[in-house]
Structures are given as structure tokens and as C-alpha cells.
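Chain order of the listed sequences is S and E.
For the first sequence, numbering that gives the first Met the number 0 begins at 0 and goes up steadily by one.
For the second sequence, numbering that gives the first Met the number 0 begins at 0 and goes up steadily by one.
Simulated from the structure, these hints should not be mistaken for laboratory data.
Since the model is a prediction, treat every value here as computed from it, not as a measurement.
Ideal Cβ positions, reconstructed from N, Cα and C, are used throughout, including at glycine.
One should not assume that every hint holds.
Stated by the list, open to error - Sample of chain S residues lacking proximity to chain E, with all beta carbon distances greater than 10 Å (derived):
{"hint": "1", "residue": "Arg-2"}
{"hint": "2", "residue": "Val-10"}
{"hint": "3", "residue": "Gly-11"}
{"hint": "4", "residue": "Asp-22"}
{"hint": "5", "residue": "Arg-25"}
{"hint": "6", "residue": "Gly-39"}
{"hint": "7", "residue": "Glu-41"}
{"hint": "8", "residue": "Ala-66"}
{"hint": "9", "residue": "Gly-106"}
{"hint": "10", "residue": "Trp-125"}
{"hint": "11", "residue": "Asp-141"}
{"hint": "12", "residue": "Glu-143"}
{"hint": "13", "residue": "Thr-168"}
To be verified - Straight-line C-alpha distance at most 16 Å; calculated EDC-like pairs for lysine to aspartate or glutamate:
{"hint": "14", "chain 1": "E", "residue 1": "Lys-163", "chain 2": "E", "residue 2": "Asp-273"}
{"hint": "15", "chain 1": "E", "residue 1": "Lys-7", "chain 2": "E", "residue 2": "Glu-267"}
{"hint": "16", "chain 1": "E", "residue 1": "Lys-49", "chain 2": "S", "residue 2": "Asp-160"}
{"hint": "17", "chain 1": "S", "residue 1": "Lys-33", "chain 2": "E", "residue 2": "Glu-79"}
{"hint": "18", "chain 1": "S", "residue 1": "Lys-33", "chain 2": "E", "residue 2": "Glu-413"}
{"hint": "19", "chain 1": "S", "residue 1": "Lys-33", "chain 2": "E", "residue 2": "Glu-80"}
{"hint": "20", "chain 1": "E", "residue 1": "Lys-402", "chain 2": "E", "residue 2": "Glu-80"}
{"hint": "21", "chain 1": "E", "residue 1": "Lys-49", "chain 2": "E", "residue 2": "Glu-91"}
{"hint": "22", "chain 1": "E", "residue 1": "Lys-361", "chain 2": "E", "residue 2": "Glu-399"}
{"hint": "23", "chain 1": "E", "residue 1": "Lys-161", "chain 2": "S", "residue 2": "Glu-185"}
{"hint": "24", "chain 1": "S", "residue 1": "Lys-33", "chain 2": "E", "residue 2": "Asp-75"}
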Amino acid sequence: MSRDDVRRTMVGRGIPLPGNDIDTDRIIPARFLKSVTFEGLEAHVFADDRTQNPDHPFNEDRYQGAAILVVGVNFGCGSSREHAPEALRRWGIRGIVGESFGEIFFGNCTALGVPCLTAEVADVRWLMDAVARQPGREIVLDLEKGEVRFGDRTIAAAIPDGARRQLVTGTWNATGVLLEAGEAIERVARSLPYIRGF
Amino acid sequence: MAETLLDKVWRAHTVRVLPSGQTQLFIGLHLIHEVTTPQAFQMLREAGLKVRFPERTFATIDHIVPTASQARPFGDRLAEEMAVHLVRNCKEFGVPLFDLDSGRQGIVHVIGPELGLTQPGTTIACGDSHTATHGALGALAFGVGTSQVRDVLATQCLALPKPKLRQIRVEGRLARGVYAKDVILTIIQRLGVKGGVGYAYEYGGSAVAAMSMEERLTICNMSIEGGARAGYVNPDATTFAYLRGRPFAPQGEAFDRALQWWKGMATEPGASFDDVVALDAGAIQPVVTWGINPGQSVGVRDPIPDPAEASETDRAAWAEALTFMGFQSGRPIAGTRIDVAFIGSCTNARLSDLRAAAAVAKGRKVATGVRALVVPGSQAVAAAAEAEGLHDVFLAAGFEWRKAGCSLCLGMNEDKLTGREICASSSNRNFKGRQGSPLGRTLLMSPAMVAAAAVSGQVVDVRELLT
Ligand code: SF4
Chain S
0 MSRDDVRRTM VGRGIPLPGN DIDTDRIIPA RFLKSVTFEG LEAHVFADDR TQNPDHPFNE
60 DRYQGAAILV VGVNFGCGSS REHAPEALRR WGIRGIVGES FGEIFFGNCT ALGVPCLTAE
120 VADVRWLMDA VARQPGREIV LDLEKGEVRF GDRTIAAAIP DGARRQLVTG TWNATGVLLE
180 AGEAIERVAR SLPYIRGF
Chain E
0 MAETLLDKVW RAHTVRVLPS GQTQLFIGLH LIHEVTTPQA FQMLREAGLK VRFPERTFAT
60 IDHIVPTASQ ARPFGDRLAE EMAVHLVRNC KEFGVPLFDL DSGRQGIVHV IGPELGLTQP
120 GTTIACGDSH TATHGALGAL AFGVGTSQVR DVLATQCLAL PKPKLRQIRV EGRLARGVYA
180 KDVILTIIQR LGVKGGVGYA YEYGGSAVAA MSMEERLTIC NMSIEGGARA GYVNPDATTF
240 AYLRGRPFAP QGEAFDRALQ WWKGMATEPG ASFDDVVALD AGAIQPVVTW GINPGQSVGV
300 RDPIPDPAEA SETDRAAWAE ALTFMGFQSG RPIAGTRIDV AFIGSCTNAR LSDLRAAAAV
360 AKGRKVATGV RALVVPGSQA VAAAAEAEGL HDVFLAAGFE WRKAGCSLCL GMNEDKLTGR
420 EICASSSNRN FKGRQGSPLG RTLLMSPAMV AAAAVSGQVV DVRELLT
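Given these sequences and hints, build the entire structure.
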């Protein structure tokens with residue numbers, strides 16, 4: 000872990016994206032997965048939604064350079080493609096606040112150091128409206144206090160404890176932490192009859 | 000205290016509790032494919048790491064393969080590049096690959112069970128959200144993203160919080176013309192597409208107990224469509240009979256020892272759950288989706304619902320779905336004209352699915368103007384279907400008979416919808432743009448219902464065609 004990996008607060012201008020159950024096929028359609036790297040994915044984030052809707056927030060000038068995405072219910076449901084959070088991250092998203100998240104998407108975001116916080120419906124709606132009124136103003140996601148601040152208002156925002164600890168301690172890239180178990184991994188393997196061959 | 004399969008598998012595979020409070024869970028089987036792994040192998044290379052348990056890792060190629068002809072090099076340059084990378088990565092890291100010339104290639108969630116790799120009481124990971132499929136054999140199987148694929152390659156472990164457990168009991172008997180697909184679509188409609196977030200689903204009850212392994216695979220496959228990352232059925236006599244003799248299942252006396260261990264991993268009577276939901280199997284109808292997520296469905300004889308009846312949370316999504324689909328609430332879903340019929344995917348492209356579809360297609364013709372394709376889930380499924388002449392039934396009826404792959408489930412190969420085409424599909428996702436055309440429309444249903452729609456040119460109740 001390095002100090003750059005610590006995610007205690009995420010600060011940046013907001014971009015509201017209303018709508019529920021926005022799946023990862025919409026975040027990044029499958030045809031853009033035909034690559035052996037994640038490079039360039041930012042150009043295709045919400046590709047079809049943006050074509051179909053010229054007023055899509057990701058098309059709007061005032062939200063260019065935003066870093067905090069505000070979403071509704073069950074954002075990122077569907078496919079496990081990490082291309083979805085990668086596309087968002089490469090576009091510039093550093094943190095997400097929403098009503099709820101698809102579970103695999105949440106895990107993928109955490110693994111990329113992008114915190115996803117959940118807040119109450121009314122608070123999320125308020126935040127979407129407030130950001131739309133003041134797109135130049137910064138949002139603060141505070142993982143340690145479990146809150147989101149915008150202007151003079153603070154709303155409660157939660158993140159499951161395990162992910163929160165990974166993010167605030169900068170250990171969200173799990174490989175290193177998992178490797179620390181060393182031989183204990185092989186010990187568990189040997190204890191399992193199906194690994195031993197019964 | 001009586002324990003669940005989840006409890007037992009979790010404990011047996013726990014390496015340690017991590018500082019984050021999550022569990023470091025040992026993964027007994029890692030299945031990989033070409034789309035979600037090239038970046039993970041690259042990360043391994045950059046970190047100077049090896050694959051920790053190459054003998055517990057198996058690869059196949061499924062998402063990008065053309066299904067008309069599978070001759071290499073593929074016509075699509077990008078698809079070819081992905082295939083080249085997969086072969087190279089598997090070779091460099093010592094991972095066995097079920098390649099196109101192996102006779103064992105197929106959709107990752109079809110070949111795992113088919114080869115006997117998927118076994119009760121084990122943990123499984125795959126960089127694919129439908130990994131819960133393998134839970135049908137009593138495994139705890141998780142869909143993961145590319146970073147976690149890297150974690151498993153490097154450490155054979157995942158960092159995970161233990162999920163809560165919901166038991167879903169389906170009691171009674173399914174009516175004729177009602178299939179496992181209708182059961183899982185009904186469950187998702189009932190509990191919602193995010194009802195399972197934070198949960199694993201244990202499917203049980205007399206209807207599930209009576210199901211074949213292939214039907215259970217269909218049920219578990221769509222767990223993620225209900226928000227649950229994992230779903231399983233307790234291993235029983237059906238499971239053991241299915242596994243006996245499969246290439247990677249234990250053989251001879253080892254099989255008997257395995258059987259004892261497998262039995263011991265099942266949920267014990269009296270175990271408690273975080274939640275229990277019961278469904279009456281007899282009340283389930285053939286189901287068709289009318290919207291843009293798998294929870295938006297109705298019985299084939301029911302009208303398309305009105306957003307005014309939706310909960311406040313769902314109202315806007317229902318309205319958006321109707322607009323996208325060009326459907327009107329109050330109208331019956333039956334009678335909807337279709338352009339394409341797709342029988343395939345990890346949900347419904349096994350032998351029993353093809354048999355059910357062929358029974359409907361037999362002696363009938365695909366309606367004029369409908370493009371119909373059957374894409375077997377694996378090379379083994381294709382061979383078995385051909386051995387009993389199912390391909391002839393489909394070809395005579397005017398269906399295309401293809402090679403194994405994901406195909407039109409996600410439209411990463413040449414098989415795509417065009418424009419606003421409507422597809423009757425046995426796959427698992429009806430998301431906007433899912434089948435390759437940004438405006439394409441998907442109606443999810445059972446394979447028999449797809450065959451019925453193909454020969455009728457419109458959505459019909461398959462029960463009217465079953466003699
Ligand atoms: S068949 Fe469809 S859902 Fe299944 S693994 Fe392939 S693309 Fe994914």
C-alpha cells in the first residue's frame with residue numbers, strides 16, 4: 000500500500016445521473032469490451048445512452064471534469080465487467096454516491112479505489128438537484144465520518160465496514176493483503192478433501 | 000446448532016479474517032474466459048507473480064467466438080486478438096485451456112458442470128456474473144471482476160464479506176409447459192432485481208427437489224438477475240447421479256468417499272436463515288419479459304402492466320421501459336410480433352433445453368420474416384443433440400444450427416440484432432442494447448416459448464402448441 004492509495008475523502012465537482020437499475024451494459028456496451036486492455040474506455044462510457052439522449056449528463060459541458068457521480072437505485076447491476084467502473088474512473092469519476100449498488104459493481108469499484116456510498120432516497124434526490132443548480136461546486140465524500148457534504152448541508156452516507164476499511168487504509172488492492180496469508184493458503188487447500196483428490 | 004451449506008463451505012474455505020473484517024476465502028476452482036482476463040494476466044506479469052494453483056484453474060473461450068464457422072483466424076480482428084491473448088496467457092501461466100479443437104469448448108457455465116469440474120461443497124470464482132450457475136450442484140460460486148480475477152490467479156483467494164442467506168422454497172408441481180426459466184423469472188419478478196443484494200439464495204422445496212440438474216442450473220444461473228451474487232441448491236441424489244462418470248469427477252472408490260463428504264456439506268434440517276420466501280409452483284405461468292430488466296415480466300396470458308401500479312421507486316423505470324420497448328400497458332404481451340428467435344446462452348442451451356424447443360419446432364416452420372438460431376451451450380451439448388437428431392429437427396423447421404458460444408446473448412460476435420428488432424430469447428438479460436443493437440429489444444422466456452414464438456411469428460402461450 001502507498002499513501003496515494005488512501006481514500007479518506009474524495010472531493011470534486013458532481014454529476015447527477017437520475018434513473019434506477021442502470022446496468023453495466025449501459026455504462027459500457029459489450030462491443031467496447033473487445034480489447035485486451037482497459038485503455039480508451041472513457042471515450043465510450045454510456046455510449047448508447049448518450050447517442051439516444053443528447054441531454055445525457057455525460058454529454059453536458061457543465062459536468063465535464065466532474066469527479067463525484069450521484070446515482071439512484073441499484074446502479075451497476077448486471078454484468079461483472081470491470082470495464083464499467085474502469086470506464087467511469089478513466090472518465091474522471093473518483094467516487095459515487097447513490098441509493099444502492101449492484102453487488103459485483105460495488106466490489107469492482109472498491110477494488111479500483113473508487114468508493115461507493117449509499118444515502119437515503121430523499122438525500123440523494125436533494126443532492127442531484129443541488130448539483131444540477133451548482134455544477135461548479137465541490138462535493139466531499141467523507142468515508143471516515145460516513146457523510147457527504149455539499150455547500151452548507153451534510154447528509155449521512157454509508158459504506159459497508161469491510162470496504163470502508165480497505166479504502167481508508169489504502170488496502171483496496173487486495174492481492175497484496177491476500178498474499179500475506181502465505182502458507183496458510185496451502186494449508187487450507189490441503190485440508191479440503193476435493194483438493195487432495197478424495 | 001444446525002448449519003447451512005453456506006456456513007459449512009464458508010468455514011471450510013476460510014484462510015483468515017482480514018484486517019478489513021472480510022474473510023480471506025480459498026477458491027477451489029477458478030474458471031476463466033477471454034473477456035475478463037487479459038488485463039488480469041497483464042497485472043500478474045507486471046507484479047512478477049505466478050498463477051498460484053494452475054491445476055485448479057481452467058480456461059475456455061466463449062464470449063467472442065463466431066458461431067457460424069469457428070475456423071481461425073476469426074474474421075473479426077479484435078476477436079482474433081483476444082483469442083491469441085487467451086492462448087498465450089494460458090500457455091505462459093500453465094493454465095489448461097478447453098480450446099475450439101478440444102471437443103470440450105463451450106460457455107464457461109455450461110462446461111464446468113458438464114465436465115464434472117463443478118462439485119458440491121466447493122468454492123468457485125469466475126470473471127462473469129452468472130457464476131452462481133454452478134451453485135446448482137451445491138457449490139458456492141461467485142461472479143467477480145477483473146481485479147478479483149487477478150486476486151484469485153495470484154492467491155487462489157478472494158476477500159469477501161459473508162453474505163446473508165435467504166431460502167426460497169418452491170413447493171408443489173409445475174404445470175405442463177412451465178419450465179425452470181419461468182420459475183426463476185417469477186422469483187425475480189416477485190423479489191425484484193435488487194432483492195438479493197447482500198444475500199446468497201438457497202433454492203429448495205419440493206419443486207426444486209424434483210428438478211433435474213439442468214433445470215437447477217437454469218434457476219441458479221439467474222440469481223444475479225435478482226441481485227444475489229451466489230445461489231445454490233443442496234446436493235442430493237440427483238446431483239450425485241449427475242456427477243458420476245464425468246471426466247473431472249472422482250472415479251471409482253474415490254467417488255464413494257466424495258459422496259460422503261458432499262452429503263455432509265448440505266444444509267441440515269432445522270438450520271435457520273436470514274429470510275425465507277415461499278412460492279407455489281402450481282401457480283407459475285409461462286413468463287415473458289416486457290421491459291428492460293429481468294424483473295419486468297408477466298405471465299404470457301396477462302396484460303402488460305401499468306406504471307401507475309408500480310411502487311414509487313419503480314414507476315419511472317417502468318415508464319422508461321415501456322417507451323423503449325414501444326409497448327402499451329393494458330395490451331396482452333401475447334401477440335407481440337418478433338423478428339428474431341434465439342435459443343442459447345448459459346441459462347438455456349443445454350440438452351434438455353434443446354429437446355424442449357425441438358419438441359415444439361418439430362413438424363412446424365419458422366414464420367416468414369423471422370430469423371431463428373439455435374446456439375448449443377457447448378461442443379458436448381452440440382454433439383449430444385446431433386446424436387439424437389435434434390439439429391435435423393431445427394434445420395427442417397428453418398432454424399440455423401450453430402456452433403457453441405455466447406453468441407446473441409450479448410452480441411460480442413457477429414450475431415446481433417439490428418435496429419429496433421424484437422428478439423424472443425432464452426438468455427438472461429433484456430437490458431437496453433444487450434443483444435448488440437443499441438435499440439434492439441429482448442423478450443426473455445423459456446426455450447420452448449422461444450420455439451413457439453419462432454414458429455408463430457409472435458409471442459404465444461407454448462401450452463397451445465404442446466400436444
Ligand atoms: S451466455 Fe450470456 S450470460 Fe452466459 S456467460 Fe455468455 S454472455 Fe454471459
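For Glu-41 (chain S), which was marked as not at the interface, is the minimum beta-carbon distance to chain E over 10 Å? 15 Å, holds
Taking the minimum C-beta separation from Arg-2 (chain S) to chain E, is that value above 10 Å? 17 Å, holds
Claimed clearance of chain E by Asp-141 (chain S), with the beta carbon kept past 10 Å: 19 Å, holds
Please verify that the nearest CB of chain E lies beyond 10 Å from Val-10 (chain S)'s CB. 23 Å, holds
16 Å Cα cutoff - pair Lys-33 (chain S), Glu-413 (chain E): Given that 16 Å is the threshold and the Cα spacing comes to 12 Å, the pair holds.
Would you mind confirming whether the straight-line C-alpha gap from Lys-161 (chain E) to Glu-185 (chain S) stays at or under 16 Å? Measuring from Cα to Cα gives roughly 21 Å; hence the hint is violated.
Would you assess whether Asp-22 (chain S), listed as outside the interface, keeps its beta-carbon beyond 10 Å of every beta-carbon in chain E? At about 5 Å from chain E, Asp-22 (chain S) fails to clear the 10 Å cut-off, so the statement is violated.
For the pair supplied as a hint, Lys-33 (chain S) and Glu-80 (chain E), is the alpha-carbon distance within the 16 Å limit? Holds: Lys-33 (chain S) and Glu-80 (chain E) sit about 9 Å apart, inside 16 Å.
16 Å limit on alpha-carbon distance, applied to hinted pair Lys-163 (chain E) and Asp-273 (chain E): 6 Å, holds
Is the Cβ of Thr-168 (chain S) more than 10 Å away from each Cβ in chain E? Given that some Cβ of chain E is not farther than 10 Å from that of Thr-168 (chain S), nearest at about 7 Å, it is violated.
Non-interface claim for Gly-39 (chain S), where every Cβ of chain E lies beyond 10 Å: 13 Å, holds
Is Lys-49 (chain E) within 16 Å of Asp-160 (chain S), Cα to Cα? 31 Å, violated
In this structure, the hints that do not hold are numbers 4, 5, 9, 13, 16, 20 and 23, in rising order.
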